[in-house]
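Protein chains in written order, with the numbering used here: chain A, 1 to 341; chain F, 342 to 682; chain D, 683 to 1023; chain V, 1024 to 1364; chain U, 1365 to 1705; chain E, 1706 to 2046.
What the hints contain is simulated information worked out from the structure, not anything from laboratory work.
For clarity, every value in this text was computed on a predicted model and none was experimentally measured.
Don't take each hint at face value.
[Unchecked claim] Label pairs and their in silico Cβ distance ranges: (1) E:PRO1921 - U:ILE1577: 49 to 59 Å; (2) D:LEU944 - A:ASN232: 32 to 42 Å; (3) E:VAL1949 - D:SER825: 55 to 65 Å; (4) D:LYS1004 - U:GLN1431: 37 to 47 Å; (5) U:ASP1484 - F:ALA399: 38 to 48 Å.
We put the CB at the ideal spot given by N, CA and C, even for glycine.
Number of protein chains: 6
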Amino acid sequence: MKKVACFGEVMMRLSTPGHQMFGQARQFNACYGGAEANVAISLATFGVPASFITRVPANDLGECVWQELRRYGVVTQGVYTGGDRLGLYFLESGAGFRSSKVIYDRSHSSFAELTLGMIDWEAHLAGHEWFHWSGISPAVSQSAAAVCLEGVKMAKKLGLQISCDLNYRSKLWQYTDSPEEIMTELLARTDVVLANPDDVWHYFGIKAEGYDIDDPAYNEAVLQLLVQKFPNIKTAVTTLRRTVNASHNTWAALMLQHDESLVSQTYDLNPIIDRVGGGDSFMAGLIYGLIKHSDDLQYALEFAVAASALKHSIEGDANLVKVADVAKLLEGGSVAARVSR
Amino acid sequence: MKKVACFGEVMMRLSTPGHQMFGQARQFNACYGGAEANVAISLATFGVPASFITRVPANDLGECVWQELRRYGVVTQGVYTGGDRLGLYFLESGAGFRSSKVIYDRSHSSFAELTLGMIDWEAHLAGHEWFHWSGISPAVSQSAAAVCLEGVKMAKKLGLQISCDLNYRSKLWQYTDSPEEIMTELLARTDVVLANPDDVWHYFGIKAEGYDIDDPAYNEAVLQLLVQKFPNIKTAVTTLRRTVNASHNTWAALMLQHDESLVSQTYDLNPIIDRVGGGDSFMAGLIYGLIKHSDDLQYALEFAVAASALKHSIEGDANLVKVADVAKLLEGGSVAARVSR
Amino acid sequence: MKKVACFGEVMMRLSTPGHQMFGQARQFNACYGGAEANVAISLATFGVPASFITRVPANDLGECVWQELRRYGVVTQGVYTGGDRLGLYFLESGAGFRSSKVIYDRSHSSFAELTLGMIDWEAHLAGHEWFHWSGISPAVSQSAAAVCLEGVKMAKKLGLQISCDLNYRSKLWQYTDSPEEIMTELLARTDVVLANPDDVWHYFGIKAEGYDIDDPAYNEAVLQLLVQKFPNIKTAVTTLRRTVNASHNTWAALMLQHDESLVSQTYDLNPIIDRVGGGDSFMAGLIYGLIKHSDDLQYALEFAVAASALKHSIEGDANLVKVADVAKLLEGGSVAARVSR
Amino acid sequence: MKKVACFGEVMMRLSTPGHQMFGQARQFNACYGGAEANVAISLATFGVPASFITRVPANDLGECVWQELRRYGVVTQGVYTGGDRLGLYFLESGAGFRSSKVIYDRSHSSFAELTLGMIDWEAHLAGHEWFHWSGISPAVSQSAAAVCLEGVKMAKKLGLQISCDLNYRSKLWQYTDSPEEIMTELLARTDVVLANPDDVWHYFGIKAEGYDIDDPAYNEAVLQLLVQKFPNIKTAVTTLRRTVNASHNTWAALMLQHDESLVSQTYDLNPIIDRVGGGDSFMAGLIYGLIKHSDDLQYALEFAVAASALKHSIEGDANLVKVADVAKLLEGGSVAARVSR
Amino acid sequence: MKKVACFGEVMMRLSTPGHQMFGQARQFNACYGGAEANVAISLATFGVPASFITRVPANDLGECVWQELRRYGVVTQGVYTGGDRLGLYFLESGAGFRSSKVIYDRSHSSFAELTLGMIDWEAHLAGHEWFHWSGISPAVSQSAAAVCLEGVKMAKKLGLQISCDLNYRSKLWQYTDSPEEIMTELLARTDVVLANPDDVWHYFGIKAEGYDIDDPAYNEAVLQLLVQKFPNIKTAVTTLRRTVNASHNTWAALMLQHDESLVSQTYDLNPIIDRVGGGDSFMAGLIYGLIKHSDDLQYALEFAVAASALKHSIEGDANLVKVADVAKLLEGGSVAARVSR
Amino acid sequence: MKKVACFGEVMMRLSTPGHQMFGQARQFNACYGGAEANVAISLATFGVPASFITRVPANDLGECVWQELRRYGVVTQGVYTGGDRLGLYFLESGAGFRSSKVIYDRSHSSFAELTLGMIDWEAHLAGHEWFHWSGISPAVSQSAAAVCLEGVKMAKKLGLQISCDLNYRSKLWQYTDSPEEIMTELLARTDVVLANPDDVWHYFGIKAEGYDIDDPAYNEAVLQLLVQKFPNIKTAVTTLRRTVNASHNTWAALMLQHDESLVSQTYDLNPIIDRVGGGDSFMAGLIYGLIKHSDDLQYALEFAVAASALKHSIEGDANLVKVADVAKLLEGGSVAARVSR
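Looking at chain A on its own, in the form it has when it is part of the complex (with noise of 0.2 Å):
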């Protein structure tokens, strides 16, 4: 089966339990996850073969990153030892009109501190046929920028397929005022990106007209214009969602490839339990899909969606669910929620 290879930060996420503030948590849940971590053990759940390259602290916390990534069966010869400390964040869980809040503490941390050759990318990409990045680890660091792209480079090399999560966070990007230049070298040799029209308004400044952002056709421009920029894509996607609140969102999403577009079912989110990682899992689903359906792209694209609308209803940074679960809401609908005894 085809292996995948994922690249990027593991946090220690700290989360007020239940509603809970900031101001008001005595106790905060502690999970380990990042965006690539997300998709790595999504599609380890999934049964693919997936592999994933960090760097954690020497110490117990390091070794909780490990440990959590061997559990769900993710291969960590990959995962480096050394540098200072472990990025955090702390997450505050909204409910109805009160928006969750995330609080980044990961500047200095073991993974922003790589640096060049520290990686033996080569010995970790070989043998596998797929490798996976996101815009959130060249924007932590320009040392982690550059060894992402050392990274991308080698797996081209090896003949891997390059996908991309553009992931663009305001909160990060410190090092630089212009992100572009990175994420162009970077872009330029990856064949499936998901993009929001957001990401692609921040990274490169293109926008279509008449701004819209929960109108397919208004997605459906932008990831035109973003082809027409990177000729190399093959696929490039997009999620919808419409916040009707923090508790209640729609989900559905948009792809394109070869000038076909392809729109999936819509979800409708009610209560969402947990929306972090929504986007990671939707990606671990789209290169399920690539990989086991490349013949029917509808149903590629439909099973993402579909994987991604059960991660809301998940606790903790990563979906959880196997092909089974996913495949039983794509049949049944609504009835699939039904007691299974």
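Fit chains F, D, V, U and E to the supplied structure of chain A, relying on the hints for placement.
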């Protein structure tokens, strides 16, 4: 007041907290319940004298069953001690599009190993006017089925009203391929039956034309076929549950009696706190309604539906609302949901 | 900046976790609040200097009240120590069709046993420009009513703006059958009144034609009758809450000033995390709005409604959002509910 | 078997989790207990038929008392409903050198407002052979003291054995400066008394020479003086607790009967999980011992000490061990503390 | 490095939180363990390559076993899927004089229903140098005993060192009255045996003169008799546990090899956080010691005792300390218990 | 009353619940503390006016520091806002032979990035009579050391008493190999020093003959050498902690003043609930004692030791007992640990 005896297995339920998946749980919430015990506890809470007949092991977990029944005022003279283990079931509580999951672990339980003659049925049914059983007891083992029939026969002999919730469970019925014979003997002696179309199909191969489980007319047609097969049934009832998702259902019921068909009002259940025991709480409300409001069947039906609508807001197997709470909902509608202070 | 003084009782609130019923609870969540303290805490969190006047017992529970007020920056020079016990209330948090329940246990509290002369009103109101009281204080005991009037008179004498939330509670007012006389004396000295039609009916026997509590026109008519009776009232306001179920309400408000009637936008509150303190958070938002946006009453009203819409997403009695959070909701609508990262 | 009736108040106990101080607690653990109810529950768990006489309010908290007593098999026909509130007490559980703290909040409770004639003593004591009361009931209010005496007189008239735990509590006895008169009337009709030297001093001003509460001889001397004053007392007992710190005590007892003095073995209690209810569990063990082993007073005494040694390892007010558990400790000593598997 | 294979059942352990009794528990803490898996996890945590051979059901609970083993780096190629249920055990954690209680619920488990030929022993033992089994496997069922012998024979054939923890459990061994025959066949092929005198007595009817389980000399005498019966045993070891109470034990060990007898230092374990798995952690430490320090048996023994002394401070079945933690205790004694910062 | 100002970093502390290891924790308990803030909170709780000088980031976590200090009545005018992050530390709470572990994550914190001139020392020290700093502040960064010296100089100029807890932490002091120079400048202006022999050795290379940290004489000798080096020191103190295991220490202190040496009584701390902050609580007790009982140094010392003995029974960084609690222990000894009711 009419005294009601119920017969069935009481299990320890181990459910994941919040909406955790099985693989995420480090704790399980424990409570004690079962289809028929849920009926007995709800009746006792309504103020109807209720007694329970079952068998539990002679250990601390079996003792918890005694304590839990006593706590709600259920008479426990009919609880026998013996056998190897208390039946268990594990519950993963779903949300949104992710359904709840049940893992039964009830084979070889003290109840499943009941044998003929163990229960002094005459002693435990004397002085009662109603006997309730469900399709779960004959499903757990051949000997439990025989004991259930033993009880039904004695109840008939003593002149009790007999009610049954068909409760078909595909994960049970391991010892036989044809539950029809067993259920026919039992149902031929039963006066009040709660039967959903799928139950009727699985047990007796009966279905009406134009299968549509969400259509009241289809439900009514199935009940009519059932009553034709079992003319001894005086009252046949079905609940009408439409699943929007695991957290949101609609809920109503339909009753057939002497060719008269009654339909209740419909409740929009959102959010659902705990869906397990919803049918049991309806059954308890129905028995209460038929006993106390035998002259107003529409009210009896509405009572049962309102009582079970309230159950969906309560964590645990059993419905813990009082008659006054149900009456308040019947009178006030959604205004009843204002804070009471 | 204008300084606001509030007077009222602070209780320990003991609420069942999750949506447990009283009979299920093995733990209670404890927090400290009360209608007027909730106003003071919200104002302090908005950056308005707020001080509080109350009385608590000389034990560790009374001290928790000091700590909680101080924590949010409320000035506690006016907190007196003495008496026998801290008032309590128990809260069962409902869901769906099951309403929340309150059991008050506040008789004989240190606050209820306040007597004339105990409070040095002049000292505590000096330097302030606003005084807030609510209908709960005169309801708890005859002597508390007298002390409340003592405070209102001093506030009047010192030239403060005076506001009141009528807050009728049927379970209080045990010492008299006719609260009208007491409330008339108090209201005749009050400038800003938050009054729901049911409050007005219970206190003063006033109702308008065509009773319909969900109809803004009816609400406006009642306010007009109230202002006719109390021409000293400059601003009369009512909240418009429609209860779909205990987890889902709609929420808006209507303001009457100088024959001008303003209506706010309507919020769909779903899910409601904690409905208690919703009115208090509105009152705090209104005082803030009237102080800071006295030249734009529509904005003042919208601010109060948005602030209290956010409160419904927060567990505990008090609203803990900041002015910026409210402004973000006012500007962004549901988009404000996206994750902030 | 001998049936035992107990009379007293049942309170809700709200204790801080772990070893939190009051000011740290955000949750309180709730259970239901009281000196005499603890005796009744322990006796019922030993298999002795026990009934309870008390009064609780007609609300959901009062109902929890019913449920808790029933759960352990205590007969609740003597539980009356009425009055304003359930008595409460708050418990901060100490550790090491920090003592546990109790804040009583039981004034004006349903029990404290019992009045003469409310209880049908004859009905509730008929068929019983033993009546137990404690010094707490006459301490809570003058009318409760009168009702307690009413009960003691009826017990005497019906020929029951009467036992008392003196249980002096300095924070109660608010209504009188001289409990002596009241206690004298009660004790003059009592057969078995559990009395610590400090109790005897506070009630009757009796002390022996050379005050040393840790000295068995001093304890015996005080009991002799007590029996001289009340020659009706057949059995006088005292527990011998030496406090190393709040987590570590030693524990034994001394019994005086017909001039014979018996001393039990001493247990080293370390760690103490919950010290509250230690004396009550001794009292229950003593009643059990005197009923079942009246021919072997030393065994009766040892049973009571061993039972209460076990109680110190159990969270909550009541002792939940069985006769077999106590026997195992009596036979096995520390070997009894090995894992049972 | 030497690779160690372990064979045994992995169960879900459901333990009461804090020191709650079974009847008090509303939640159970869940973890996964078993005598032999505890050895494998501890070895893997020491850095010794460990693989595990067992059988779990094909459901979400079985999958938790896979995840837990993988998390600690145990190789899971030998985990088979099939059968009906995961074995369980319930644990009530004692304190003071109240012992911990275990309720086994492991009959009919996937492991108990293993049959000859199911396991490809050659594949799973190839490349290993050590095989570990315990007396629990042959105790759970006749077929499991046969499979265990199958494994031991293959290990012998492949030339592995074989170790065994006798682990007599009176609540198991239901299928036969004479475990001696079975254990004799197994032990006759075993090189390293952990055997307490009571185990030896129950299995083989062997005891030495002057029974005193706390006396090292008595323990040594029993080991000598055991080695006389099984001259193939190269190393016989016993732990010396003296039970002060359930929270306080002393702990040491004695090793017999080639007529040489070694005794370790004694540790005062107080408080004990979790006593379950104490012997397993000793076994893992012993295997580690014998592999890494075969030239210094005293150090090997001290390592095993120190490792297991640390285990008593860790909640859960398995010992999670590293070699460095053990070395620190061996070097520093109680000073090792200072805060590390 | 004398006003005390303290300067130092406040961190979020994230500790594992119960005695979980880092790898087991799924939640962390959060509180806020630091060596000097613990002193300020304890002083405020003793009724001594205390103010605090520090720097926190402008986010919700920084705000929690404000709230926590205010809650205990510490004056927060000296809390500055700015910088990137709140310092953190992770705490694994040990038990028995397993030591507690601390992982610092405080580099690059708002406090560590303080620079000269940021703090208006004159404003914050005016009106105070005592200034307290500790060896942790100069250890976190070079600029923090400079700011600390800036403060000490201003305190000297304004005539305040200056105290210091040497608090050597090997995991800090990353920026220099020779803390001696920095500490010499600071200590040369300090009047009261809490210094353990290991601190003195690490900072100044000073040790006395016959190293034995548990020997009071050795401790006294080291203090004498320290005072010889810094003749400005009026009072030198050391605590005497002997570690039996992580749950059991003994605790006393020794004071040197004008060649007079005083030794306190010794406390047997068992069990220890939370050992972190033990020294800080002693320091607060010492400042209190020196201020309030300057005429009775032995009492001052005993007060500090008793206060900190009580701290070991309290979870969290700060000592929350009152003067009356300490006095009760000083007067009553172990009897003080009886339940207060």
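Verification of the supplied hints:
| no. | hint | verdict |
| --- | --- | --- |
| 1 | E:PRO1921 - U:ILE1577: 49 to 59 Å | violated, 42 Å |
| 2 | D:LEU944 - A:ASN232: 32 to 42 Å | violated, 57 Å |
| 3 | E:VAL1949 - D:SER825: 55 to 65 Å | holds, 57 Å |
| 4 | D:LYS1004 - U:GLN1431: 37 to 47 Å | holds, 42 Å |
| 5 | U:ASP1484 - F:ALA399: 38 to 48 Å | holds, 41 Å |
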